[in-house]
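Once you've looked at the hints, dock chain B against the given chain A.
2 protein chains.
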Amino acid sequence: MKTLAAQVITPEDLLKHWQGHRNLTRRLIELFPEKDFFEFSIGGMRPFSQLVDELLAIAGPGLKGIVSREVQPYTESPEKLIFKAQYLQKWDEATAQINELWEKLSIEDFNETFNLFGQYEFPVIQNILYFIDNEVHHRGQAYVYLRALGIEPPFFWER
Amino acid sequence: MKTLAAQVITPEDLLKHWQGHRNLTRRLIELFPEKDFFEFSIGGMRPFSQLVDELLAIAGPGLKGIVSREVQPYTESPEKLIFKAQYLQKWDEATAQINELWEKLSIEDFNETFNLFGQYEFPVIQNILYFIDNEVHHRGQAYVYLRALGIEPPFFWER
Chain A
1 MKTLAAQVIT PEDLLKHWQG HRNLTRRLIE LFPEKDFFEF SIGGMRPFSQ
51 LVDELLAIAG PGLKGIVSRE VQPYTESPEK LIFKAQYLQK WDEATAQINE
101 LWEKLSIEDF NETFNLFGQY EFPVIQNILY FIDNEVHHRG QAYVYLRALG
151 IEPPFFWER
Chain B
160 MKTLAAQVIT PEDLLKHWQG HRNLTRRLIE LFPEKDFFEF SIGGMRPFSQ
210 LVDELLAIAG PGLKGIVSRE VQPYTESPEK LIFKAQYLQK WDEATAQINE
260 LWEKLSIEDF NETFNLFGQY EFPVIQNILY FIDNEVHHRG QAYVYLRALG
310 IEPPFFWER
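Protein sequences appear in the order of chains A and B. Using my numbering, the letters of the first sequence map in sequence onto residues 1 to 159. Using my numbering, the letters of the second sequence map in sequence onto residues 160 to 318.
Since the hints were derived computationally from the structure, they do not count as laboratory data. Backbone N, C-alpha and C define an ideal beta-carbon position, used for all residues, glycine too. A portion of the hints provided could be inaccurate.
In silico lysine to aspartate or glutamate, DMTMM-like type, Cα no more than 20 Å apart, as pairs [as the list claims (entries may be wrong)]:
1. B:Lys175 to B:Glu259
2. A:Lys64 to A:Glu34
3. A:Lys16 to B:Glu271
4. B:Lys175 to A:Glu121
5. B:Lys263 to B:Glu252
6. A:Lys35 to A:Glu54
7. A:Lys16 to A:Glu108
8. A:Lys16 to A:Glu152
9. A:Lys35 to A:Glu152
10. A:Lys16 to B:Glu252
11. B:Lys175 to A:Glu152
So, partial list: chain A residues that the calculated Cβ filter (under 10 Å) puts toward chain B [what the hints assert, rightly or not]:
12. Phe117
13. Gly140
14. Gly150
15. Ile151
Looking at chain A on its own, in the form it has when it is part of the complex (with noise of 0.2 Å):
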C-alpha cells in the first residue's frame, strides 16, 4: 500500500487521463464538417485532418516502439484518408491499441529511458506526457478553427 499510494499518478490513471483527452479530440473530429475537416486553415497551418494524421501516427506506434523497445522512424501512415469516417475509425482502432498495449507496461517502464521515433531520447513518463501534451495543443488549433468556422466547440472539461 506504501508503495502505491507513493505515486504521484497511477498507470491506469494516467491511461485514463489520455483516454479522455482523446475522446475529446475524437468529438472535435466528429463536430468538423466534411469538407472544413480537410481543407480549412488559419495562417498556413495544417488543417485539422493534417494534424489528427500527426496525432494518429504518434499515439499507437510511439507506445508500440516503447512497449517493444523497438526504434522505428517517425512515419505518417502512407494510406490517404479521404473521409473523416475512416479517421473517426482509426482513431478507435488507436483507442484499443492503446488499451492492449498498456497492460503490457510495468510500473518500472515509465522510468526507463527509450529513443522514441530514434529522435527522443527521454524517460518513457516523459514521452507518454509529450503525447499528451502534443494532442492538447494541436486540438488547442482546432478549438479556433471550429470558431473561426462559427461552431461551438465542447467544453474543454468535458472528457
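Chain B alone, transformed into the frame defined by chain A:
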C-alpha cells in the same frame, strides 16, 4: 529506492514539466505585439491577455488553495493590467510562488481530494494536471493567433 522506482512521475519531474510549459507560455507572451496581446482575437474568442488572466488566476491561487487546504472561489485579479510587461512580472511572481508552494506538498497530498475553487472536487494530481492541460490548450489558441498575425511561434517542444 523501490518506492521511488514505483512512481510513474516524481513530484520534482512534474514541477519541472509544469514550469517548462509555463516558460514556453511566457515566451509566447513576449512574442505578441503589445496591441495584439490585448486586442487580437479570432471567432469571438478572448484575446491572449484575457487567456493569461485566466492562467494567472488558476496556477498560483489554485496551488495555494491546495497547499493550505483553503477553499477559495475562482477569481481573476481585480487589478487591471494594461502592459505586457506587467503580465510578464505577474508571470514571474507566479513562477516563484509555485516553486515555493511545491516544496510544501508531500507525496501523499497528490492523491488526496481537494475541492478546487469550491467547484472541482478531485484528487490533487488531477487538479494539477488540469492546470497544465488548460494552459497547453489556451496556448495552442495563442499559437494560431500568432500565425494569423504572421509571426512564427517557438517550437512546441522547446521549454
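Unsatisfied constraints (hint numbers, rising): 2, 8, 10, 11 and 12
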